[in-house]
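Participant: As given, the protein sequences belong to chains Z and X, one line each in that order. For the first sequence, the numbering used here gives the first residue as 1, with consecutive numbering after it. For the second sequence, the numbering used here gives the first residue as 1001, with consecutive numbering after it.
The hints are simulated quantities; they were obtained by calculation from the structure and are not laboratory data. All of these numbers come straight from a predicted model, not from anything done at the bench. Careful, some of the hints might be misleading.
Estimated spans, in silico, between C-beta atoms of each pair [to be verified]:
1) Z:GLY15 to X:ALA1097: 46 to 52 Å
2) X:ARG1142 to Z:ARG115: 53 to 59 Å
3) X:ALA1070 to Z:SER162: 14 to 20 Å
4) X:ALA1102 to Z:SER162: 54 to 60 Å
5) Z:ARG65 to X:ALA1097: 35 to 41 Å
6) X:MET1022 to Z:ASN107: 57 to 63 Å
Facing chain Z, according to a computed beta carbon distance under 8 Å, are these residues of chain X, among others [said to hold, decoys possible]:
7) GLU1151
8) LEU1156
9) ALA1158
10) THR1162
11) LEU1165
For every residue, glycine included, the Cβ atom is placed at its ideal position computed from N, Cα and C.
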Amino acid sequence: MSSLEAVSLRKVYGGRTVLADVSLSLGEGEFVSLLGPSGCGKTTLLRLVAGFERPDGGRVLLDGRDITGVPAAKRNMGMVFQAYSLFPNMTAEENVGFGLRVRGEANDARRKRAREMLELVGLGEHTHKYPHQLSGGQQQRVALGRALAIRPALLLLDEPLSALDARVRVQLRDEIRRIQREIGVAALFVTHDQEEALSISDRVAVMEQGRIAQLGEPAAIYEEPESLFVARFVGQMAEFDAEIDAGGVRIAGHTLPAARAAGHAPGERVHFFLRPEHVRLVAPADGLPGLVESRTFNGPTTTFRIMLAGAGTVLATLPTSEARHAPGETVGISWDPSAPRILKLGKTPPPQEA
Amino acid sequence: MKWLWVPLGAYFALPLVATAVMSLWQGAHGYGFEAYARLIHTPEMWHSLLLSTRLAIETIIAGLVILVPAVFWMNLRVPTLRPLFDFVSVLPLVVPAISLVAGITAIYTGPDWFVGTANFLVVPYVILALPYTYRALDVGMRALDLRTLTEAAQSLGASWPTMILRVLVPNLVTALLGAALLTMTIVIGEFTFASILLFNTFAVYINHIGSTSATRAAALSLLAFLITWLAMLGVALGGRRAAR
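Just chain Z, with the same shape it has in the complex (with noise of 0.2 Å):
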């Protein structure tokens, strides 16, 4: 059973169509991310469902019960936002007990829930602080606890980490994660950084100018990227363009293994797509020959920047203790023949080198 239903949600701004018929289903305790760039419509159809917005066409649903003209106040969702969002006149408990004062919960009662609510979040020794008393963080921690605390239907959360440095982000975002399994509410997760989409979620929803690209388990995004859009947009990818050989594909004239290519007619032009991760540096002889341009130390791994003679430039990402080459040598790049991903020539060009 599904506990929020999002029927061909549609929103117009302006004749600017914002969202185009989005569908989309929680199960219960689901964790799902909506992924994209900024202007794609995620936020957009967080707001839809938080009901912050009316859609211009479509349902939302929840536990079945159409609520789609249910006020944001009266549809018991808890929602993180990205900006700070704390009462700065209330005290940390203040602001977790602040949706159980609205309702009408005895004193005791509500004081008891804030005070577990914020051993939850970490937050236990802070509670008489104020807002301007605590970090970003702990501020968020604060808003996650005062979300949680009217028992939520469903958890709302808008880029809640993206104000925050990089080492509280990934800190903070496993804990969401830990603390929406303990709970066991459905979420929704709104962010522009893939790998918070990749890392948290049990499903992630990749939009694309007001549409759902691609929806599924985060390992199928990255892996199986079904559209050129989702290809380009989730990691990063070298991308030629080729054309399908028997056997495999061919690029600037090599035949190369491709067993995706398995899947095409021969002669059929394609987008060719390889990670990183998946570029082995062999001899010159042993693959395709290019030249390494540069390279760059990332700590565990060092990633080459290799030119392909007449096919463009790919990245090898190795882990640092097999990183041996150096910028001018010529080396050959190969792969294992499932890594690469093919995708049919779409409408879309190529992108343009940054």
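With chain Z held as given, fit chain X onto it using these hints.
Facilitator: Positioned in the frame of chain Z, the structure of chain X alone reads:
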């Protein structure tokens, strides 16, 4: 530039000192508190002060009840109307008080308890205080992330009145106090309306005393100053508590 403080200080202090000396003069070479003593024992003074204070409180309440939701709504939903609000808010400064009086007396008719009493003055006073009240509220609200705060309150189940009373107002304490103080000083010092409409407010009384007794007028002016200073002190302390 330290020497600049001397003429500046004198510019502000001298009139006050002179007024104080004047208020203590008892004729010939005698100085004392006679003017103050006589004032304190004048019931008319107390009536006019009480009336002005009551009008100030009524004006503050009426002004805030109208303007808090209006400025809130403008900031939250229709920020494009800001130029219009700005324009309307300065109108009372542009239109001379005398034309306001003439216009208002012609337009406003109503029950006797309202039009026939000093309560009627609250209408023009709310208008006179509009520029100051509006500015104070607008600055206070712009300092808050209104949209996020209201949405957070809404998603937690708060109705609009709950949101305004429990979230908005407590975070605007300084702005509200500032607006209240400015309104208070305007109403207590306002002369034109009260005088033309024949109500005996504090300012009208000061004017009346001024034409009968110079020493008591000086004493009364100092008293008025004192009231303003106390009000300012109240705002400063209140603001500090709110800023915590």
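Participant: All hints, please: hold or fail.
Facilitator: Here is what the structure says about each hint:
Taking the beta carbon of each, GLY15 of chain Z and ALA1097 of chain X are about 48 Å apart, inside 46 to 52 Å as hinted. Here the CB-CB span from ARG1142 of chain X to ARG115 of chain Z is close to 35 Å, at odds with the stated 53 to 59 Å. Between ALA1070 of chain X and SER162 of chain Z the C-beta distance comes to about 33 Å, which lies outside the given range of 14 to 20 Å. At roughly 58 Å, the beta carbons of ALA1102 of chain X and SER162 of chain Z sit within the given window of 54 to 60 Å.
Judged by the Cβ atoms, the range 35 to 41 Å given for ARG65 of chain Z and ALA1097 of chain X is violated: they are separated by roughly 59 Å. About 59 Å separates the C-beta atoms of MET1022 of chain X and ASN107 of chain Z, a value consistent with the hinted range of 57 to 63 Å. With a least beta-carbon distance of about 6 Å to chain Z, the hint placing GLU1151 of chain X at the interface is held under the 8 Å criterion. Residue-level restraint check for LEU1156 of chain X holds (minimum Cβ-Cβ distance to chain Z is 4 Å; threshold 8 Å).
With a least beta-carbon distance of about 5 Å to chain Z, the hint placing ALA1158 of chain X at the interface is held under the 8 Å criterion. Satisfaction of the interface hint for THR1162 of chain X is found here, the shortest Cβ-Cβ separation to chain Z being roughly 6 Å, below the 8 Å cut-off. At its closest, the beta carbon of LEU1165 of chain X sits 11 Å from a beta carbon of chain Z; the interface hint therefore is violated under the 8 Å criterion.
In terms of the numbered hints stated before, the structure departs from hints 2, 3, 5, 11, listed from lowest to highest.
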